[in-house]
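Just so you know, the sequences run in chain order A, B and C. So in the working numbering the end of the first sequence lands on 456, straight run, no missing numbers. So in the working numbering the end of the second sequence lands on 1475, straight run, no missing numbers. So in the working numbering the end of the third sequence lands on 307, straight run, no missing numbers.
Hints listed in this document are in silico derivations from the structure and should not be mistaken for laboratory results. All C-beta atoms, glycine included, are put in the ideal place defined by N, C-alpha and C. Be aware that one or more of the hints could be misleading.
[Claimed, not checked] Some chain C residues well away from chain B (every beta-carbon gap over 10 angstroms; in silico):
1. 64
2. 87
3. 89
4. 115
5. 165
6. 209
7. 211
8. 234
9. 235
10. 285
11. 301
[Unchecked claim] Cross-link-like lysine-lysine pairs, in silico, BS3-like; alpha carbons within 27 angstroms at most:
12. 972(B) to 343(A)
13. 926(B) to 1066(B)
14. 1040(B) to 82(C)
15. 5(C) to 59(C)
16. 975(B) to 343(A)
17. 1219(B) to 1172(B)
18. 5(C) to 972(B)
19. 303(C) to 975(B)
20. 343(A) to 226(C)
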Amino acid sequence: MSIESAKSKDFISEDPGGSSLWKDAWIRLRANRLATISLYFFIFISLLTILGPEILTSSYEDQDLNNTFAPPGKESLFGTDNLGRDLFARVLHGGRISLAVGFLATAVSLLIGVAYGMTSGYLGGKMDALMMRVVDILYSLPFTIFVILLMVLFGRNFILLFIAIGAVEWLTMARITRGQTLSLKQAEFIEAARALGYSHSRVLFRHILPNLLGPVIVYATLTVPAVMLLEAVLSFLGLGVQAPMSSWGSLIKEGSEKMEIAPWLIFFPGLFFSLTLLALNFLGDGLRDALDPKAAKD
Amino acid sequence: MEFLEINKLKTYFHTRSGTVRAVDDVSFSIEKGEIVGVVGESGSGKSVTCHSILGLLPQPPASIEGGSVKFGKQELLKLPKHALRSLRGKKISMVFQDPMSCLNPFMTILDQVAEPLIIHENLSQQEAERQALEMMEKVGIRDAAKRAGSFPHEFSGGMRQRVMIAMALVTKPDLLLADEPTTALDVTIQAKILQILKSLRKELGVSVLFITHDLGVVAEIADRIVVMYRGKVVEQGRVTDIFKNPKHPYVKGLLACRPTLDCKYHTLPTVDDFLETKENDDGTIEVYENPEVEKRLRKLESAITSKSDSFSETNKNLLEVSDLKVYFRSSKGLLGAVKEEVQAVNGIDLTIQKGKTVGLVGESGCGKTTAGRAILHLIRPTEGTVLYDGKSLGALTKEALLEYRKKMQIIFQDPYASLNPRLTIEQALTEPMIVHQIGKDRSSRRDMVVNLLEEVGLTSEHLLRYPHEFSGGQRQRICVARALAVEPEFIVCDECVSAMDVSVQAQVLNLLRELQQKRQLTYLFISHDLSVVKFISDEVVVMHAGKIVESGTAQEVYANPREDYTKDLISSIPSPYNLGK
Amino acid sequence: MVKFIVVRILQAIPTLFVIATLTFFMTRLAPGGPFDSEKNIPAEIKEKLEAHFGLEKPLHEQYFLYLGNLLQGDLGPSFKYMGWEVSELIAKAFPVSAQLGLFSLLIALVLGLPAGVVAALRKNSAYDYCLMTTAMLGICLPTFVMGPLLILLFSSWLGWLPPLGWYSFADMILPSLTLGLFYGAYIARLTRAGMLETLNQDYIRTARAKGASPIRVVLRHAIKGGLLPVVTFLGPAFAGLISGSFIIESIFFIPGLGRFFVTAAFNRDYTMVLGTVLFYACLIIILNLVVDLIQASLDPKSREP
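Here chain A stands alone, though its shape is the one from the complex:
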C-alpha cells in the first residue's frame, strides 16, 4: 500500500467529485420535457405576477367608468370589468395573492407537518401512537367546513386564512414525514450512527432529515396547487380576499357572475389559474419520478 503517492492534497482537490443524489435527480428532472417546460412556465408566471404590477401603467384598482366591459384589445390586453378596471392588471395582482397564499400556507404546513411527523416517528412507541391518534382525530374532522366556518365567523382575515389552510394541510405532511422517519429509523445507516454514538440531533438533522426531504418536496409541490384551490373555493364563496383586492378565485367569481355579458372576465383568470395548477402538478409529477428512491438506487 503506497500511502505517500496518493496523499498529496492537490490530487484530491482535482477530483471531479461524485454525483450526489440531488444532482442525479436534477439531471433526471431536466430529462423530463414536460416537467422542465412546467418549471420554466411557473417561473415565468411567478415573475410576471411579482414584477408585472410594478411595471404596468394601469393599476388593479383604477376605475374608468367610461370604459366598462371593454373586450380584450389594444387598449387593455384582457379587456375591462364592470367598473372599467383593467383585467390584465387585476389578473396579475390576483396571481400575486393566490401564489402568496399557496406558498405561505404550504410553508406553514411544511414546517408544522415535518416537525410533528419527525418527532412522532423518531420517538416511536407510545408517544408516536398518541401523536398519530391526534392526527387521526383531526383527519376525521370535516376540515373544509371548519375553514369555511372560521372565515365566515371571524371575518375575511388574511392571516386567519393562512392558519386555517395550513392547519388542514399539515396533517398529510405529518403522516408522510412520520412514515418516512419510521422506515429510515430502521435503516442500517441510522443504526450505524447510533452505534457510533452520534447524538439524537445529529441523527435527526444530518441523517434522517436530508433523506426524507425527497417525498416531502414532492408533496409540497402538490400542496401548493391544493392550497390555491382551497383559497379559490373560499374566495368563490365570498370568503377570501376583499375587493378591491383580488385573487384568482375572486376574479373567477366576479367573472362567473358577468360571464354572459363579458365572457373574457372568467376566461382569463380561469386560464391563468388552471395553467398554473397544471404547471405545478406536472412539476410535482416530474419531481416524484426524479426523486424516486427506487430509480435512484443503482
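With chain A's structure known, arrange chains B and C on it following the hints.
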C-alpha cells in the same frame, strides 16, 4: 435425446446508458428427466437466460438478438404469443426465488395452485381443486385440505415455496425452470425443498433447469452443471467432473474461494488470483488465466501453518455476557390492553476472548441479530449483564457509554442500506471522528480517512464519491472503514457477507482476517452460513429459538456436534461431498 | 368484524364530542349574534327572542344544555327558519346533496376507472398520454371554472340545458357533470398509478408464467391490488363531493345542505351550524368505516387486527 436445446442465445438490454449484453452467445441443453444446474454470480445472466426461454422478459428494454431455443420440435423464440402461452404453466413451468412476492396476496392458496389446471385443461373448479390438493400433499404441505383456503401471508417461507412448486407441477409439465428457488430459505428448509424436488423428478419424470448462485446446492441436486460468467457459458459438464477437475480459471477460482467446512486456507483465494479480464472497446470481455496463480496459491498455503501461533499469547476475556434476555412487548387491541411478548433472546451466556472471533450461527428468527444489538446496548436488554473489559455496560451513564461506543462497533448485512446515501465517503468517514474528537483539523482527518480507505483496499480517488457509485463489495469495505474510524477493539459483524457473491465474500472475509491480525481486533461474527462461520471463527455458538444450543471451539462443534439441532444444521449444508449419497 | 365496527363507533364518540365543543365555542366567540343583522327589530323583541332560545344564559350553561339535548338526539330549533327544527331542515336538504354526490360519483367512476386501467395497460402509448393529459386538465380546471364554462356553453350559447335549479333530471346533468369530471380525473390518475404498481409485482410475472391470458392477468390478478388506492380515496372523496358541493350548489342554485350551511354560518344560526357540522362529521366517520370494510374485504392482509 435433447429435449430443450438452447443455441447461441443472445439477450441484450438496451438502456439509456448503453447496451448490456446480459446473455451473450449461450448454448446448452437438457435431456429428458435431467436436472441441469446453471451457476453464476449476480449479473452472470443466468436468470435472464431462464426468463428468455419463456418470453417473460419485458421487451423493451430486453431484446432477444439471436439464437434459438428448441423445445422438442418447437422453436420457442419464434412461437406466436398465444402458442407460447399455452406452453407456459402446461409443458414448461417456473418457480421463482421469493415465494412471498411471487404469490398473489389477494388469492387463496388453493385458487392459485388450481389456476394452471383451469387455464390449460378446462377442468371444472371442483376437479381442479381436487388435483391441486393432491399435488399440495405431494410437496409436503400437511393438512392441505384444511389450509388451502388461507392466503400466502399466513404461510411460512418454506411452505410458500412448497406452494410455488405445487403450482408449477400441478399440470405435470415436462420441464421445470427453477430460478434460485431456495436462496431465500434457511438451510434446513432448503435441504427439505431440494429433497422434494429430487423425489418429484423421479416420480413425474420432469426435467429441471435449476438456477442458483450456490455451488453447494447445485452439487447436491444437479446431474450436470453449466457455469456462467458475465453473460457467457465458461464451462459445462457432469457435476463430479467439474468439482474434481475444473478447467476454466473462473470455475477454478469460484470453487476455491468458497469457505467450505474442510477449508484449509487461512486466507481464502479469490477469483482474481485465478483469472484476469480485459474489457474490449465494444463492451465484450476477454478472460485469461492469471499466470501467477500457482505462486499465489502456494503463498496462501504456506500461510496456513502460521495460523495457530498468531493469537496464542492472550486469553483475557474482553466480553462477558451472562443471562442476557431481550423481550419485545407488542401491545394489541384497545388501549394496548392485550400484550403479546416475544422472547427474542432468552437467557444467553457468552464469553469472548481478546483478539478472538466468536461465530454466532442460527437460522432466521433465532434471535442472533437481536443478541448482537443487545450486547452493544443498541437495544436495551430486558435482563442480564454485559461486561466489557470488566465494566458492566448496563450500569453506565449515557456519557460514559459514549466512550464505549468508540470501542465497540458493528458492521451490517446490507451495505446498500448502511451508508447514508446523501453523504460523500469523506463525510461519512469523517463524521465519527468529529463526534469522538479524533484528529485535530480537517486536513489531518482527511489524511486519516485516506489511510483508512487504503487499509480496506480503496483509494483516495473515492473520497468525494457517493455510496451509490460503488459496488456492494466496495460499500461493505467503506462500512468497515467507517467502523474502524473510531479505532474500536471489538466489532460485531452482523451477517456482513451474507448478501454477497462468493468471490466478493472471500475478499471481505480476507479483509476482516487481515485487519484482525493487524489491529488485534475481536469479532462477534453473526451469520446463518455455517461454512463461513467455521472459516472465520475460533469458537462457535449455535443459537436456536432465543437460546444457545451448543458452543465450543470451531473444530469441536463441527466435527462432533452434540445436539440434534446442530447435527441437523450441519448435515443440511449442501456440499459436493454428499455426492453419491 | 362486529368487534371492529363497535370499536370504531366507540372511537367516534370522543371525536364527535370534540367537534361539538369546538364548533359551539367557535360560533359563540365569533363577533355578532343571530339577531344582530336585522336592525329594525326593537330591542325588547330581540331580548325576547334571545330569551326564547336561551341565549341570555351564561355560556357554560348554554353549552351543557346543548350537550344534554344532543345526547337525546335533539339538535334544537333553527334560529332563522322560525318554526323549523334543525333536523327537519337537514332531512329536507340532505337528500338533494346526496343525490348530487351520488350522481357525480357515478360519473367519476364510470369515466375514471376504465381510463386509468387502459392508460396503465398501454403505458407510454398515445392512449396513455391522451387520457392522462385529459385527466390532468380535469384536475386543473376546478369546479368553479368548469361549472360556469359548462353553463356558458350548454345553456347560454347552445341552449340545451337549464343553467340553474334542481327540479327535473335535466337540471341535474350540468352540476353532476361538473363535479364528476373533476373527481373522475382524479380517480383515473389514481387507478393508473395503482394498476402500474400492481402490474410490476412479482406475482403478475408468476401469473404470466402460468400461461394466463392478458385479460385473465388483469381481471383475476391485478385489479384487486390496483384498485385498493382508489377505494382508500373514495372515503375522503365522498366527503369532498359534499364539501365541493358548496361551490356547485351556489353556482347552480341547488337547495342542498351545503348552501344551507353557508347561509346558516353567515346568519349566525348557531344551532343550524352545529347541527350541520355534526351531521357532516357523522357522515365522514361512517363513510371512512365503510371504506375500511371494503378494503378489508379486498385485502386479506388487513383482515387481521
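Hints and how they fare:
| no. | hint | verdict |
| --- | --- | --- |
| 1 | 64 | 33 angstroms, holds |
| 2 | 87 | 36 angstroms, holds |
| 3 | 89 | 32 angstroms, holds |
| 4 | 115 | 18 angstroms, holds |
| 5 | 165 | 46 angstroms, holds |
| 6 | 209 | 7 angstroms, violated |
| 7 | 211 | 4 angstroms, violated |
| 8 | 234 | 15 angstroms, holds |
| 9 | 235 | 19 angstroms, holds |
| 10 | 285 | 25 angstroms, holds |
| 11 | 301 | 7 angstroms, violated |
| 12 | 972(B) to 343(A) | 50 angstroms, violated |
| 13 | 926(B) to 1066(B) | 14 angstroms, holds |
| 14 | 1040(B) to 82(C) | 65 angstroms, violated |
| 15 | 5(C) to 59(C) | 42 angstroms, violated |
| 16 | 975(B) to 343(A) | 46 angstroms, violated |
| 17 | 1219(B) to 1172(B) | 53 angstroms, violated |
| 18 | 5(C) to 972(B) | 58 angstroms, violated |
| 19 | 303(C) to 975(B) | 34 angstroms, violated |
| 20 | 343(A) to 226(C) | 31 angstroms, violated |
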